[in-house]
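K.L.:
Dock chain E with the ligands against chain Z, hints included.
Top to bottom, those sequences are chains Z and E. Sequence positions in the first sequence follow the numbering used here and run 682 to 862. Sequence positions in the second sequence follow the numbering used here and run 9 to 823.
In case anyone wonders, no lab produced these hints; they're calculated from the structure. Just so it is clear, the structure is predicted and the values come from calculations on it, not from any experiment. Warning: the hint list may mix true and false statements.
[Claimed, not checked] Derived BS3-like pairs (lysine-lysine); straight-line CA-CA distance at most 30 angstroms:
hint, chain 1, residue 1, chain 2, residue 2
1, E, LYS75, E, LYS304
2, E, LYS578, E, LYS304
3, E, LYS68, E, LYS668
4, E, LYS578, E, LYS668
5, E, LYS68, Z, LYS736
6, E, LYS494, E, LYS815
7, E, LYS68, Z, LYS693
8, E, LYS578, E, LYS68
9, Z, LYS685, E, LYS75
10, E, LYS668, E, LYS304
11, Z, LYS736, E, LYS75
12, E, LYS304, E, LYS131
13, Z, LYS685, E, LYS68
14, E, LYS668, E, LYS75
15, E, LYS75, Z, LYS693
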Amino acid sequence: MEIKLTINDESKTVEVEPDDDLATVLRQNGYTGVKCGCDSGVCGASKVFVDDEVKMACGVDAPNADGSEIRTIEALGTQDDLHPIQEAFVDHFAVQCGFCIPGMIIEAESLLADTPDPSEAEVREAIDDNLCRCTGYQKPVEAILDAADRMRGEQSVAADGGSQIRPDQADCTDHDGDTNE
Amino acid sequence: MSDEPTDPQTDGGTASKPTSEEPTEFEEHPLEWDEPENNNKAPGERDSVSQPAEKFDDRKLVTGQAKYTADYEERFPDLAHAAVVRSEVPHGRVTAIDTDEAAAMDGVHAVLTPSSDAVPDAKYTSAGQSYPEPSPWDMNVLNEHVRYVGDPVAAVAAEDADTAAEAVDAIDVEYEEYDHVVDPEAAFDEDAPQLFGEDEVENEIVGHDYDRNRMSNIEGEIGDVDGSLDRDDVHVHETEWETIRQSHAQVEKHTSLAYTDEDDRQVLITSTQVPNHTRRQLAHLFDIPIRDIRVKKPRVGGGFGGKQAMVVEPIPLALSLAADRPVIYEASRDEEFYAMRSRHPMQVRARTAVTDDGRIEAIDLYALSNTGAYGSHGMTVAGNVGSKPMPLYSKVPNARFEADIVHTNTPQTGAMRGYGAPQGTLALEGHLDEVARDLDLDPIEFRQDHYMEVGDLDEIAGMMGGEGAERRIRSCGLDECVERGKEAIGWDDLEQPDEDHLHRGIGMALSAQGTGVAGDELGAAQIMMNEDGSFHLQVGGVDIGTGADTAFIQIAAEVLGCDENDIIVKSSDTDNTPFDYGAYASSTTYISGMAVKKAAEDAKERILDWASRMLDESVENLETRDGEVVSEESGDSVTLEDIGYESVYGHDDREHILGKGTHSTEESPPPFAAQFVDVTVDEETGEFEVNELVVAVDCGVAINPGMAEGQVEGANHMSYEMAVSEGVTVDERGRAEVSDFDEYGLPSATETPPIESILVETHEPTGPFGAKSVAEVPTNTVPPALSNAIREAVGVRINEMPVTAEKIKAALDGN
Ligand code: FES
Ligand code: FES
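Next comes chain Z alone, as it looks inside the complex (with noise of 0.2 angstroms):
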């Protein structure tokens, strides 16, 4: 069956089977950071926007999916020109494997928008079904917070780094890294 969807301001035709889920559809249309971690819709890792709200891609029906607006992590900032958020992930080291960011920062937004001060409470809250193996949350919670602030117009308060080598950074027995207090 054929459903119309509109995929980062993109609206397509797209053939679907009556089972097949959103974040297989999106991946066979070439929006392969969509990613699946689970089985079941747990992970995070497939998160994106559907009409606005926050889903977990592989548990949204495909045909469901029909007529409605979509947004994934392509539709961000782009390597060239990072959205606030992706810059401060990776100002601040959050990202090892990668593959539970794309759905983090797709809720990140969605936390942003709504709440552009966040506490480090709101921001574990907000992440909480996104399953990280790598980072222990640590780094993602203090980029997210950063985020929330370069998006509200504050100075950076990256402590562990910026995308420039920073010179004053030279002694790593200074480092403590500790920026979410």
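P.N.:
Here is chain E with the ligands on its own, set in the frame of chain Z:
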């Protein structure tokens, strides 16, 4: 993840303490290391190393552009999808497989059973280790004798994943079921059901006794432990500990894509930590020349040891040969929990002999390791239960370690971050805490009196490995780790909650790991210069999401004096990158990184030679810096770009500037961690809350401090899980009771306490620019530190992981 190279019993399994008549062992580990001057740069002199260089793949990762194995699907229009029929019985023999219906289904391209031509019948081990593998060859790609619920029995390839799943459902397997055993102690019993018959194992490992389901027994001793335990001036303490079956739970599932390329060679794009080992193992298994197999690793979504194994690759390869088209196999999350690999659950007994004044005369550890249905990494992981934690206390004169590694009809185990050290560290650090309390000693000073320091010859590390496996300690930041950790957690001024029923306590634990497997590692790299002064760095080292590729770039940039962006790294493609043992044993930065450094130095020598001719200056005056070669003498300079063009298009002389480096070493310096856990316990309910984790790590010089901290925090999170989660529990038929993440206790963001990572810099002269390993040691320490914290807070001891409110409550109630 580390492993021992060979049979540790070749010398009888015990290495006696060296005496003055045996000076050779000391000469192998000289006190003074002949370190090149350029390897030791003061912090202010480093341009790229220990700077927060951007992780080179981050922009791709945060924009969803990075390609993992499954993302290659779109490049193969005729790609078939694999699915696997797995044993539903814990132990038995397949008596019949009916594949007719599946084979006749539309869209099914191949159906394989154990007797199919495309399926190798050779035995092998899935462990991705060096050759000859120190793991038994005890499994088949598809099995007739099945040994756990999850053993692969048949496989299909179909046009899409749904059809493959339907075909799997249509296959009918009949079993003759045998008795099974799930409990490791019961499995060790003489009348227990036996998993392996005669002739069912090749490449057996020392100490095997398959009549009793024992795949291996290992032991090592220095000094005289029994003699010390018998002394009448010592206190003998004995404690017992138990650890969980932990899943690697890497978010990217095991995924592997196999095809035949235009030159009739077999190619695997695969999510692996060990491309070269996988290539060799596939070649042996399928009887294909090594040269005709190519293993390419794209971005990998985490490994943690779960991919230090050829877990899935043979299945898509066999299917692609049978179906004559590309095949991808992506495990389901359910399969990840019941049919991939997990951390060996263990019971560990610790004994010490300690004098009245607090001198430890002997440490004795014994481990019973449950290796599950097969023996991959069984012996080597168990060896590390002793050989990683015990050397920390190198001042202890007598030490012994023994392990029995036992089969049960439960899911397979394998390598996992820490590689036996977490199990041993729980036992040893929990035990020492108990001894210190009993003898009324300060738990930190008690440890400090016995732990290693620079200059020590660590004989305990050699205990299991035989002659020459001792190590000289050349860097040790333990004191500073302890001091800074204490300060960060507030060790000396802990405030108690106002409520009477709440009690707060801090527990601590120390840990040492290794950096690569001493004498059993190889890394290699090459560098090619381009006309524009940029470089291609080709390296076998394997970045599985750790940032290793970025560390390689930084090391090369430091040597070449260029910008990180001018180095294009290509890693882990067996056709196009030099050899490497793979990402395990905390070896990548140290071994592969040193190979990169050597390759860069080799290229630099040629660069300086060209610069010397172009500037008419002697090489001695020249140095690379900021993309140029500069004369310290005249101040004249020439850019790398000018050299790049001149060397390739020169009028008189032409040369492609190439550098190569290969590195192997007998050294394996330990990194160190001091862990502190701050907990509040409710004495009425046993409920507890971990307020903070602090972990201070000596990893030598951190090549990229932000990435190193990330490793420390992620490892500590994994360690925390081992302390508070059930892991993968199994039912009475040995079937994993966890089938997706919502049933598995991976701590979420709200469930994870704040983690403060502290990097303590020391200089390790044997490592590239002073680096040693970082990513495993903080995996070892939370279980003992939490157990010690609970003990401090409310006076009860939890020895069996995970720590739960019920266990605390029961202990408080005296049950
Ligand atoms: S794959 Fe969709 S949430 Fe896990
Ligand atoms: S960065 Fe690897 S799972 Fe989150």
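K.L.:
Which numbered hints turn out to be false for this structure?
P.N.:
Every hint satisfied by this model.
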